[in-house]
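Chain residues, written in single-letter form:
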Amino acid sequence: MKKVAALLALAAIMIAPSVSAQTLKSVKARGVLNCGANGTLAGFGLPDAQGNWTGLDVDICRAVAAAVLNDAKKVKFVPLTAKDRFTALQSGEVDLLVRNTTWTSSRDTSLGLNFTGVNYYDGQGFMVRKALKVNSALELNGASVCVQQGTTTELNLADYFRAHNMQLKTVTFATANEAVKAYDAGRCDSYTTDASGLYAERLRLANPNDHIILPEIISKEPLGPVVRHGDDQWFDIVKWTLFAMLDAEELGVNSKNVDSMLNSTNPEIKRLLGTEGNYGEQLGLTKDWVVRIVKQVGNYGESFDRNVGAGSPLKIDRGLNRLWTKGGIQYAPPIR
Amino acid sequence: MWTDKPAPARPARVAFYNDPRVRSFAYQFVLCAAVALVVYGAVSNAIDHLHRAHIASGFGFWDQTAGFDISQTLISYSSQASTYGRAFWVGLLNTLLVASLGIVFATVLGFVIGISRLSKNWLLSKVAGGYVETIRNLPLLLQLLFWYNAVLKALPDIRDSIVFDGSIFLNNRGLYLPKPITGAGFGWVEVAFLVGIVGAVAFGFWARKRQESTGRQAPVFLVSLALVIGLPLAVLALAGVPIHFEPPQAGRFNIRGGIEVLPEFAALLFGLSIYTAAFIAEVVRAGILAVSPGQVEAAYSLGLRPRPTLRLIVVPQAMRVIIPPLTNQYLNLTKNSSLAVAIGYPDLVQVFTGTVLNQTGQAVEVVAITMLVYLTISLLTSLAMNFYNRRMALVER
Chain A
1 MKKVAALLAL AAIMIAPSVS AQTLKSVKAR GVLNCGANGT LAGFGLPDAQ GNWTGLDVDI
61 CRAVAAAVLN DAKKVKFVPL TAKDRFTALQ SGEVDLLVRN TTWTSSRDTS LGLNFTGVNY
121 YDGQGFMVRK ALKVNSALEL NGASVCVQQG TTTELNLADY FRAHNMQLKT VTFATANEAV
181 KAYDAGRCDS YTTDASGLYA ERLRLANPND HIILPEIISK EPLGPVVRHG DDQWFDIVKW
241 TLFAMLDAEE LGVNSKNVDS MLNSTNPEIK RLLGTEGNYG EQLGLTKDWV VRIVKQVGNY
301 GESFDRNVGA GSPLKIDRGL NRLWTKGGIQ YAPPIR
Chain B
337 MWTDKPAPAR PARVAFYNDP RVRSFAYQFV LCAAVALVVY GAVSNAIDHL HRAHIASGFG
397 FWDQTAGFDI SQTLISYSSQ ASTYGRAFWV GLLNTLLVAS LGIVFATVLG FVIGISRLSK
457 NWLLSKVAGG YVETIRNLPL LLQLLFWYNA VLKALPDIRD SIVFDGSIFL NNRGLYLPKP
517 ITGAGFGWVE VAFLVGIVGA VAFGFWARKR QESTGRQAPV FLVSLALVIG LPLAVLALAG
577 VPIHFEPPQA GRFNIRGGIE VLPEFAALLF GLSIYTAAFI AEVVRAGILA VSPGQVEAAY
637 SLGLRPRPTL RLIVVPQAMR VIIPPLTNQY LNLTKNSSLA VAIGYPDLVQ VFTGTVLNQT
697 GQAVEVVAIT MLVYLTISLL TSLAMNFYNR RMALVER
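Heads up: the protein sequence lines correspond to chains A and B, in order.
According to the numbering used here, the first sequence holds residues 1 to 336 in order.
According to the numbering used here, the second sequence holds residues 337 to 733 in order.
If you are wondering where the hints come from, they were derived from the structure by calculation, not from laboratory data.
Backbone N, C-alpha and C fix where the C-beta goes; we use that ideal spot for every residue, glycine too.
It is possible that part of the hints are untrue.
Calculated lysine-lysine pairs in the DSS-like style (CA-CA distance at most 25 Å, straight line) [claimed, not checked]:
1. A:K256 to A:K74
2. B:K671 to A:K83
3. B:K489 to A:K133
4. A:K326 to A:K239
5. A:K130 to B:K489
6. B:K489 to A:K181
Covered stretches of chain B, going by a simulated chain A footprint (3 or more residues, C-beta under 8 Å) [what the hints assert, rightly or not]:
7. 388–399
8. 578–589
9. 602–611
Using the sequences and the hints given, assemble the complete structure.
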């Protein structure tokens, strides 16, 4: 009898319908947003000693939670390795994946997933020991490189060395943690990952000042949030959450002045904050959805500063991630 | 008074649905049908959902260019020319390499420790006991990480390599040995080696026959050694030593040329062998204790010394008890080799279920192939061990 019951249970699991397309409804019913995050990358996703998650990616999750659940704290962060992240999203374990994930055509089309935008324009770089006296990635012929598995970096690395007729020895690890540790122990001449990651990981080395990051950026790595294919409403919400944070920065709305901005007469700000029009309701949320995001999380610039920019230990230059009005390429469609 | 006739002798007719044969057939049929239905439902459901979620499926990826690099390849492989299928074979061979070497080392070490634990020497038996209790009670992953970091930390940096004789380099990137390059005429040495093996086996048969009929013993070990090793060496000398060694050379970053033994490989092999040896030691101890002490006493009373007693009386009988659990340990070692992923050794799981899965995104196909491979390896191992077990079982009275 037990066997029959087990069989039936198995059958039920296998024949049950796939994850429902109604992500918004199920998040609201659950009261918590399940968000796939990095967990080991300073500046993007990392819990502190008290278990509070911080990071540029983490802020996207919090902003979505603020917009949908009216509480930026109602997020359950699921730390995922590069290898497991897509499976976790596909299977419905997380509602949203924001884990410094590069937007590529194959990921967008063949995994049953959709990228909603770019929250950080990144590119792959190399870190080496200063003692090697290497000033350019083009001098790395014959070098061994530690790399994390399950990322676009493995492919870029092989392509770059092939394109420049250089010999390469890769040592591949399952997690960034192991790869960095092996690099630090002298197993490899160089460690490669997205440049932002290099700055973050350098802080964790035994002697951060003994290492430099080479100037070459060998790839385009637009990092962005990912949702499941087939739920357009949820896709829109995540997409516009990022746009709202960018628009808020562009219009000068931040977490400190958002309350006074509610009285603004600027029509663009009025539409952004929902004092005019019903753009939030069109998304399936309420009119003041952006107010909640900005008040609880901040605009894109605040988030950048706090997590990876001047206000953080990483001190990464904003570079490409400046607003389009300030020489960067971060450009959000308007809310109207 | 009784007018009825007694009941007929043949069994009463039962309805077909009460016939035990029909029933047992029906139950089995229903069970098989149910299993088939569940499998069919699961597979078609998976395909349907993959399709609906726009997740690519099928095995078309097998012939696509892999584009990534692998640190240890036993067959030729390059990132730009090789396919995902080739990467699969590279990973599989790496798994088989570490598993087969691990089985050999773990068996030798396990037998030594298992027998030591039964030794009358107090120190030896306590050391063996301490080894078993420590090693088998710590998680394998932890041990692998320990060995890997021990290897990396203990060995010098590449620029301070330990160099033997200008041709052997040892550092935290690996061990570099001269690579033998064979010239014309080396084929005869290989032929001589094969002839030596056949000759040694034949001599063993002959010596055994003679001992059974006349009681005279022959130096089987020495003659076999001469045939297997001496004969090829003699041919090698006759052919004018058609072999030279290509020593590894220090390059700008790494050592180039020669044979490279990766620290990941060494750590994995070491960790797996030491871990599994602890279990094999217990299996061996149990097997030896299962042999009745009367056997040993009988051997001693016939005048056999302890060493021949162990070799000729105890071990052959213990093997019958040892082999089935030993098979389990071999299977465990093979499956445990997939923990390689944690320390960067490119085994099947790391290469195929890791990088290939991620680049193609075809989890269902890749994981199914990997499971099939491990199942096949395990079934072949147990097939071989069962065959060996039957041969050992025939020896008993």
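Checked hints:
Using a Cα cut-off of 25 Å, the hinted pair K256 (chain A) and K74 (chain A) holds, with the two alpha carbons roughly 22 Å apart. Restraint check for K671 (chain B) and K83 (chain A): the C-alpha separation of about 20 Å stays at or below 25 Å, so the hint holds. Annotation: proposed proximity of K489 (chain B) to K133 (chain A) holds, straight-line Cα distance about 23 Å (limit 25 Å). For a cut-off of 25 Å, the pair hint linking K326 (chain A) to K239 (chain A) stands: about 22 Å separates their Cα positions.
Restraint check: the Cα-Cα separation between K130 (chain A) and K489 (chain B) comes to about 20 Å, which is no more than 25 Å; the hinted pair holds. Restraint check for K489 (chain B) and K181 (chain A): the C-alpha separation of about 11 Å stays at or below 25 Å, so the hint holds. A count of 5 residues in the segment 388–399 of chain B with a Cβ less than 8 Å from any Cβ of chain A is obtained; the coverage claim is therefore met, three being the minimum. Restraint check on the segment 578–589 of chain B versus chain A: 3 residues with Cβ-Cβ distances below 8 Å, three needed, restraint holds.
Three residues within the 8 Å Cβ limit are the bar, and the segment 602–611 of chain B against chain A gives 0, so the coverage statement is violated.
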